[in-house]
Amino acid sequence: MSIKYFNDPARLWGLTKIMLGGVQVTLGIFVLTLILSIPLGMLVALGRMSKRKALSTPVSFYIYIMRGTPLMLQVLFFWFFLSQSLPFKPSRFAVVVFSFALNYAAYFAEIFRGGIQAVPVGQREAGQVLGYTRVQTFFRIIVPQVVRNVLPAVTNEIITLVKDTALGSIIAVVELMSIAKKQVSNSTSIEPYVVAILLYLLLNGIAERLCKTAERKMDYLRR
Amino acid sequence: MKRLLALVLVLMLSLGAFALAEDNSLAAVQEKGTLILGLDDSFPPMGYRDDSNNIVGYDIDLATEVASRLGVTLVCQPVDWSAKEVELNSGNIDCIWNGMSITPERQENMAMTWSYMNNKIMVYAKNDSGIASKEDMAGKVVGVQAGSFAEEVIDTYEDYAELRASIGEVVAYEDYLTALIDLQMGNIDALLIDLVVAQYKLAGMEDDSIVAVEALEDDNYGIGFRKDDIALRDAVQDTLVEMAKDGTIAAISEVWFGEDISTVPVA
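As they're listed, the protein sequences go chains A and B. This note's numbering numbers the first residue of the first sequence as 5 and each following residue consecutively. This note's numbering numbers the first residue of the second sequence as 8 and each following residue consecutively.
Honestly, the hints are just simulated from the structure, not real lab data. Predicted model, so just to flag it, every value in this text is computed and none were measured. Even glycine gets a Cβ: it sits at the ideal position worked out from N, Cα and C. Heads up, none of these hints are tricks.
For each label pair, taking beta carbons as the anchor points, the in silico distance ranges come out as:
(1) A:F143 to B:D189: 52 to 62 Å
(2) A:F65 to B:M212: 47 to 57 Å
(3) A:F143 to B:N31: 54 to 64 Å
(4) A:P74 to B:R171: 26 to 36 Å
(5) A:P74 to B:G265: 37 to 47 Å
Hey, can you work out the whole structure from these sequences and the hints?
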């Protein structure tokens, strides 16, 4: 296997430039999925914990489907299903974000549920004794502790999400992975994979750093 | 009673409209202003990604010119080759135009054009694999592209049933270029691939360890449209004939193949 890029700075720069274009799309999927799936995950967690069977049963089933089938299958299914059943043509990018948001919401919901249930009942009781309403207790006393509890698990999901964006390539969304694949094919050299590895590591390095900072910020609660 | 009569009338009218529905596939494309071409963007020199990740190729040059003569813009949409029929029928693309072999099965499922180029399905092998004829593939690992004509030939053609049974393992790749790299690295022993693709790619690989063994089947490339989109197909065919007559196709073929190898019927 011959070296075609690493001995030719101009060609390597050209390759890096088009792959950075893919990074933009990868980041787009990543950011939009987080923005959609975290609030949705919160709602799903609350639904899952509801005492009303009519609510908690369907929500449990939703989590079961989302966690029980491959994300790749979900992306393919949603693409062909939505592109045939909607009155308009959704973009491939939108379908990837849609599938990812639904899938990640299920995982986040279970993380949030664990985080909420880990807060001792005494905290809620104390809030009520101090005259807080149920809603005030939830947002002022429970939520800050939940955030601290779930951060390590959420960090894990975020790192997985950066890598999962590569699944966009199966419905031909031109993100980092698909560009790497096409350029390996085009050049018959595996160097584009090496560039992709470095770019994914860079993205996850940044994501990890941000999550660590957030964890440290929340540490004041621990005293 | 009046209401029933009205209902029957409406039903009859709508049925009538259905029966009289004209094939407006050409008008629909011209109205939206784009012709969406579906391709596997790893199929040089017909349609593939260049160093700048742009989709280029012989088919792309032809289609760009056809689209412009039809007064629309060409949009290239990469698809998974094994899902191309679903993409076409769900309306995500208007045609499949990417060195697609004309096969009886595809003619059944799509409105295909006549052949615009000849091709052969070839056996290529690593020079140290000891494969000198197709029979030598017995017990070896052989690659094909998933959803390709080569795969159909080896999997379903009666004439090759015996050969298929003798092959050690058939590996189906997502695209031919990955398969070529694997062949070059010795991860498979032989590859069933389109002559047009192999010749073009191997010329650029500066590697003589991959050799042509023999041809399995003669093959013709055509363009596939939805079964009912006859008007669109005919318009594209007529435009291609026009381009063959005025020398445009010869010029494009010259660029990609160094000679005019088009089979677009001029008469």
